[in-house]
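*Asks:* Here's the letter readout for the chains.
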Amino acid sequence: MTITIPPKSNKESEGLQPKGFLRYFSFSLDHKVIGIQYLVCGFLFYLVGGALASAIRIELTSPISDFMPRDVYNQVLTLHGTIMIFLWIVPVVNGAFGNYLIPFYVGARDMAFPRLNAVAFWLIPPAGLMLISSYFINGAAQSGWTAYPPLSITTPAAGQIIWILSVLLLGGSSIFGGINFIATILKLRRPGLKLMQLPMYCWAMLGTSILVVLSTPVLAGTLILLSFDIVAHTGFFNPTLGGNVIVYQHLFWFYSHPAVYIMVLPAFGLVSEILPIHSRKPLFGYTTMVYSIMAIVFLGLIVWAHHMFTSGTPPWMRLFFTIATSFIAVPTGIKFFNWVATLWGGKISLNSAILFSCGFIVNFVLGGITGVALAQVPFDIHVHDTYFVVAHFHYIVYGGSVFVIFSSIYHWYPKFTGRMLNEKIGRIHFILTFVGFNLCFAPQHWLGMNGMPRRVAEYDPQFTFVNQLSSFGALLMALSTLPFLWNVIHSSFKGEIAGENPWQALTPEWLTSSPPPVENWLGEAPLVTDPYGYGKKQLQEQFNDLESEKQ
Amino acid sequence: MLKPSAIITLLVSISLAVGGVWIIYNINLLPEAASSNAPVYDELFRVLFVIGVILFVGMFAAVVYSLIEFRRRPGDQEDGLPVKENLPLEIFWTAVPAIVVLFVGLYSYDIYDRMGGMQPLDHQNHGYSVSSSEEKVWGGIGTSSNNSNMDLQMQSLPVEVTAMQFAFLFRYPKGDFISGELHVPVGQTISMRMESNDVIHAFWVPEFRIKQDVIPGQPTILNFTPTKPGRFPIICAELCGPYHGGMRSTVVVEEPEIYQDWFNKNSNTIVS
Ligand code: HEM
Ligand SMILES: [Cu+2]
Ligand SMILES: [Cu+2]
Numbered sequence: 001m002t003i004t005i006p007p008k009s010n011k012e013s014e015g016l017q018p019k020g021f022l023r024y025f026s027f028s029l030d031h032k033v034i035g036i037q038y039l040v041c042g043f044l045f046y047l048v049g050g051a052l053a054s055a056i057r058i059e060l061t062s063p064i065s066d067f068m069p070r071d072v073y074n075q076v077l078t079l080h081g082t083i084m085i086f087l088w089i090v091p092v093v094n095g096a097f098g099n100y101l102i103p104f105y106v107g108a109r110d111m112a113f114p115r116l117n118a119v120a121f122w123l124i125p126p127a128g129l130m131l132i133s134s135y136f137i138n139g140a141a142q143s144g145w146t147a148y149p150p151l152s153i154t155t156p157a158a159g160q161i162i163w164i165l166s167v168l169l170l171g172g173s174s175i176f177g178g179i180n181f182i183a184t185i186l187k188l189r190r191p192g193l194k195l196m197q198l199p200m201y202c203w204a205m206l207g208t209s210i211l212v213v214l215s216t217p218v219l220a221g222t223l224i225l226l227s228f229d230i231v232a233h234t235g236f237f238n239p240t241l242g243g244n245v246i247v248y249q250h251l252f253w254f255y256s257h258p259a260v261y262i263m264v265l266p267a268f269g270l271v272s273e274i275l276p277i278h279s280r281k282p283l284f285g286y287t288t289m290v291y292s293i294m295a296i297v298f299l300g301l302i303v304w305a306h307h308m309f310t311s312g313t314p315p316w317m318r319l320f321f322t323i324a325t326s327f328i329a330v331p332t333g334i335k336f337f338n339w340v341a342t343l344w345g346g347k348i349s350l351n352s353a354i355l356f357s358c359g360f361i362v363n364f365v366l367g368g369i370t371g372v373a374l375a376q377v378p379f380d381i382h383v384h385d386t387y388f389v390v391a392h393f394h395y396i397v398y399g400g401s402v403f404v405i406f407s408s409i410y411h412w413y414p415k416f417t418g419r420m421l422n423e424k425i426g427r428i429h430f431i432l433t434f435v436g437f438n439l440c441f442a443p444q445h446w447l448g449m450n451g452m453p454r455r456v457a458e459y460d461p462q463f464t465f466v467n468q469l470s471s472f473g474a475l476l477m478a479l480s481t482l483p484f485l486w487n488v489i490h491s492s493f494k495g496e497i498a499g500e501n502p503w504q505a506l507t508p509e510w511l512t513s514s515p516p517p518v519e520n521w522l523g524e525a526p527l528v529t530d531p532y533g534y535g536k537k538q539l540q541e542q543f544n545d546l547e548s549e550k551q
Numbered sequence: 001m002l003k004p005s006a007i008i009t010l011l012v013s014i015s016l017a018v019g020g021v022w023i024i025y026n027i028n029l030l031p032e033a034a035s036s037n038a039p040v041y042d043e044l045f046r047v048l049f050v051i052g053v054i055l056f057v058g059m060f061a062a063v064v065y066s067l068i069e070f071r072r073r074p075g076d077q078e079d080g081l082p083v084k085e086n087l088p089l090e091i092f093w094t095a096v097p098a099i100v101v102l103f104v105g106l107y108s109y110d111i112y113d114r115m116g117g118m119q120p121l122d123h124q125n126h127g128y129s130v131s132s133s134e135e136k137v138w139g140g141i142g143t144s145s146n147n148s149n150m151d152l153q154m155q156s157l158p159v160e161v162t163a164m165q166f167a168f169l170f171r172y173p174k175g176d177f178i179s180g181e182l183h184v185p186v187g188q189t190i191s192m193r194m195e196s197n198d199v200i201h202a203f204w205v206p207e208f209r210i211k212q213d214v215i216p217g218q219p220t221i222l223n224f225t226p227t228k229p230g231r232f233p234i235i236c237a238e239l240c241g242p243y244h245g246g247m248r249s250t251v252v253v254e255e256p257e258i259y260q261d262w263f264n265k266n267s268n269t270i271v272s
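Taken in order, these protein sequences are the chains called A and B.
Each residue of the first sequence is one higher than the one before, starting from 1 at the first, in the working numbering.
Each residue of the second sequence is one higher than the one before, starting from 1 at the first, in the working numbering.
These are calculated hints, taken from the structure and not from any lab test.
Among the hints, a few may not be true.
[What the hints assert, rightly or not] Okay, the calculated bits of chain B under chain A, using three or more residues with CB under 8 Å as the criterion:
1. 5-18
2. 24-36
3. 56-69
4. 73-82
5. 100-114
6. 166-175
7. 243-251
[Unchecked claim] Here are the simulated DSS-like pairs of lysine-lysine, each with C-alpha atoms no more than 30 Å apart in a straight line:
8. B:84 <-> B:3
9. A:494 <-> A:19
10. A:194 <-> B:265
11. A:194 <-> A:347
12. A:494 <-> A:424
13. B:228 <-> B:265
14. A:494 <-> A:347
15. B:84 <-> A:347
16. A:187 <-> B:84
Every residue gets a Cβ at the ideal spot worked out from N, C-alpha and C, and that includes glycine.
Using the sequences and the accompanying hints, generate a full structural model.
*Replies:* Structural data, given as structure tokens:
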């Protein structure tokens with residue numbers, strides 16, 4: 001057994017850190033400050049990505065290309081995808097909540113490498129600004145977030161190179177974060193705390209970080225080769241120089257399929273924290289949850305070619321990847337059944353946090369079902385690269401990860417700020433988002449099956465009405481951010497005072513003041529060996545134990 | 001014993017379930033089926049759709065039911081039951097999805113085989129040589145094995161497809177001419193050899209349920225047999241540049257005589 005004493009603190013550097021609001025603009029080493037920096041920064045980029053999405057949906061209200069020039073459309077689409085993935089979902093579900101929560105969960109006073117942590121965050125704003133500014137320099141990249149050559153080699157080079165540079169920076173940030181999480185979870189655990197006693201989010205972040213560390217370097221290598229092809233006219237992926245375009249796709253998806261789990265596994269972890277607290281029941285099936293996460297990590301590494309079923313893949317490869325992909329549904333399914341079992345028989349408070357979490361369950365189940373269908377080669381051949389796929393992954397990434405981010409904000413905002421969010425406005429936000437989301441993306445399944453390819457600015461006029469319906473849903477989604485923004489800003493001044501533990505939760509971040517002091521707890525870190533010990537009577541005893549331990 | 005009301009409820013729910021399955025099995029969400037591939041595809045789609053709807057409705061109902069039934073009543077400060085696990089239940093919901101997924105996998109393999117996916121691609125192309133030994137030809141699907149009966153199968157019609165920003169060109173090697181529209185006779189197996197001049201494109205005909213990327217530097221093969229006369233869109237499905245959305249063409253499926261007239265009019269060689 002390894003017992004590590006939690007690090008005391010960075011006393012010397014602390015004096016150099018600005019206090020109050022300004023610390024969020026500083027090179028702070030406090031994991032909580034860094035977590036909030038990730039969250040707010042990610043949200044600002046989300047607003048940019050959302051504006052770009054609105055531009056796409058406006059263009060698609062009519063079957064002809066009339067709202068913006070065609071090449072601008074492709075730039076908008078590329079920026080939208082890249083921003084949403086690399087600047088919003090990945091940094092927020094990993095960086096924001098991971099940094100804020102993981103040290104609490106393992107009973108440490110900070111992350112293992114606080115300086116690396118700050119560096120990882122401060123790579124993001126310049127990378128993001130660089131990416132967006134490429135639009136004003138010479139036009140942004142226009143080959144989609146997948147940047148398939150030879151298109152990415154033949155479109156204007158400046159935008160593509162800036163795109164590569166910023167994705168490399170963001171990938172680097174992600175790797176630094178991953179290393180930090182692995183070290184923190186494995187090495188900084190409070191003495192007496194065993195791995196199988198950790199809150200589920202720790203397991204999710206451990207699995208995710210393994211994926212990050214194994215696969216992101218492959219993306220980096222691939223993009224560096226691609227940049228050689230662009231600036232030095234090498235021929236790795238350039239067919240006119242004897243290169244092979246399919247090799248790029250294998251390398252790209254070797255990262256980018258795991259990347260979809262990098263976006264969703266942490267969300268699975270967050271939901272596993274939120275559901276038990278608000279339904280006053282233990283998390284159902286802890287052990288199977290842990291094994292499912294590890295099974296997903298392993299399978300996630302060997303399914304990448306399901307993105308390439310029409311790329312000229314030989315039959316044996318098509319079959320292998322069909323089977324491997326289909327089987328991911330089994331561990332994923334276990335997690336969903338466990339969550340429903342957690343709700344079952346509980347005393348559920350129908351607040352915004354639980355509504356967004358349940359919205360996530362419903363949306364993700366639909367996305368998972370279409371995913372298994374897409375894994376079947378004969379099915380995929382027809383709908384690959386159509387709006388059906390767009391619908392699938394938005395059900396996963398928006399209906400899944402983004403719903404969980406909102407749920408988590410409703411759940412942890414009291415801890416972050418010491419004040420509660422307004423429940424009524426939260427529910428309006430949920431209803432608008434849920435209705436808008438489904439209205440926007442459900443019809444896209446039909447569009448894809450009936451002949452509308454993805455990434456187009458113009459389409460067959462028979463699809464006009466359904467596209468307008470989808471755009472109307474997008475409008476509702478855009479409007480839904482307004483009550484949310486108002487709520488978050490207004491409540492930070494006027495919200496009800498939350499107190500230490502408004503949800504009566506057992507996990508360690510709630511056993512300290514809101515917001516917590518610099519070193520997380522004034523006294524020693526509490527030892528929580530059963531983070532899900534809810535349930536009749538038992539709760540009160542647990543709570544008393546913890547209280548007496550604190551004294 | 002069961003009460004009559006319970007029996008009625010049971011019967012009603014069973015008939016609702018059966019009726020529901022029948023309805024979703026017969027909803028047609030796909031475009032016209034115009035190739036020998038398409039009915040096979042639609043069969044797969046229906047089966048996946050039924051399984052998917054049952055799973056989704058089940059999960060949705062479970063979540064909504066829990067939220068309503070187990071919501072906290074005002075004044076209730078108690079916790080829920082401290083149930084942490086239930087091994088038989090967990091084994092059950094591991095095994096059932098595993099079996100469903102296994103079934104789906106085997107079934108879709110069968111469908112894929114019936115579409116000709118497992119047949120060596122150069123086999124039925126005795127009309128002309130597809131793969132010289134040094135050339136690797138990958139991907140695509142073969143003819144449907146429904147009509148791979150050698151006696152009945154007509155020799156397949158070879159077409160060479162070239163894709164470029166932002167058009168498809170169809171060369172008929174037998175007549176040595178190039179067309180901007182793909183004309184094919186109904187009921188005849190077409191064997192296309194496709195290559196791109198610049199970036200990656202994809203050849204997609206929704207009514208045929210087939211798609212294959214057209215790749216620079218690496219030819220791909222796509223075989224299909226149209227079964228209905230008509231004009232169907234050919235759509236580029238891989239982002240290929242600013243005019244990608246406008247990169248379309250038409251496949252004209254005609255009765256053999258009409259096709260032959262069209263072919264003779266365009267042909268540059270003397271047809272035997
Ligand atoms: C049950 C699990 C899942 C299965 C079986 C599955 C299967 C698939 C398949 C086969 C494709 C390729 C479709 C095509 O391009 O023709 C695909 C695309 C995609 N999936 Fe999933 N998926 C699953 C879960 C997820 C998750 C968890 C995420 C993300 C959080 C995700 C995100 C995506 C994305 C982003 C794409 C499209 C990528 C692109 O082409 O731009 N999927 N999925
Ligand atoms: Cu994937
Ligand atoms: Cu195209």
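*Asks:* At a Cβ distance under 8 Å, does chain A reach at least three residues of the segment 100-114 of chain B?
*Replies:* Holds, because 7 residues of the segment 100-114 of chain B bring their Cβ atoms closer than 8 Å to Cβ atoms of chain A.
*Asks:* Does residue 194 of chain A pair with residue 347 of chain A here, judged by a C-alpha cut-off of 30 Å?
*Replies:* Cα-Cα ~29 Å, so holds.
*Asks:* Next pair to validate is residue 228 of chain B with residue 265 of chain B; report whether the Cα-Cα distance is within 30 Å.
*Replies:* holds (23 Å)
*Asks:* Taking 30 Å as the top limit, are the C-alpha atoms of residue 494 of chain A and residue 424 of chain A close enough?
*Replies:* Between residue 494 of chain A and residue 424 of chain A the Cα gap is close to 15 Å, so the pair holds against 30 Å.
*Asks:* Hint check: residue 494 of chain A vs residue 347 of chain A, CA-CA at most 30 Å. Holds or violated?
*Replies:* holds (29 Å)
*Asks:* Are 3 or more residues of the segment 243-251 of chain B near chain A, judged by a Cβ distance of less than 8 Å?
*Replies:* It holds: at least three residues are needed, and the segment 243-251 of chain B offers 4 whose Cβ sits within less than 8 Å of chain A.
*Asks:* Would you check chain A against the segment 24-36 of chain B, counting CB to CB pairs closer than 8 Å, and say if three or more residues qualify?
*Replies:* With 3 residues closer than 8 Å to chain A, the segment 24-36 of chain B meets the three-residue bar; holds.
*Asks:* Is it true that the CA of residue 84 of chain B sits at most 30 Å from the CA of residue 3 of chain B?
*Replies:* violated (35 Å)
*Asks:* Do the alpha carbons of residue 187 of chain A and residue 84 of chain B lie within 30 Å of each other, as the hint requires?
*Replies:* holds (28 Å)
*Asks:* For the segment 166-175 of chain B, does the count of residues with a C-beta closer than 8 Å to a C-beta of chain A reach 3?
*Replies:* violated (count 0)
*Asks:* Does residue 265 of chain B sit within 30 Å of residue 194 of chain A, going by the straight-line distance between their CA atoms?
*Replies:* violated (81 Å)
*Asks:* Residue count check for the segment 73-82 of chain B against chain A: does it reach three with CB-CB under 8 Å?
*Replies:* holds (count 6)
Hint check: violations occur at hints 1, 6, 8, 10; the rest are consistent with the structure.
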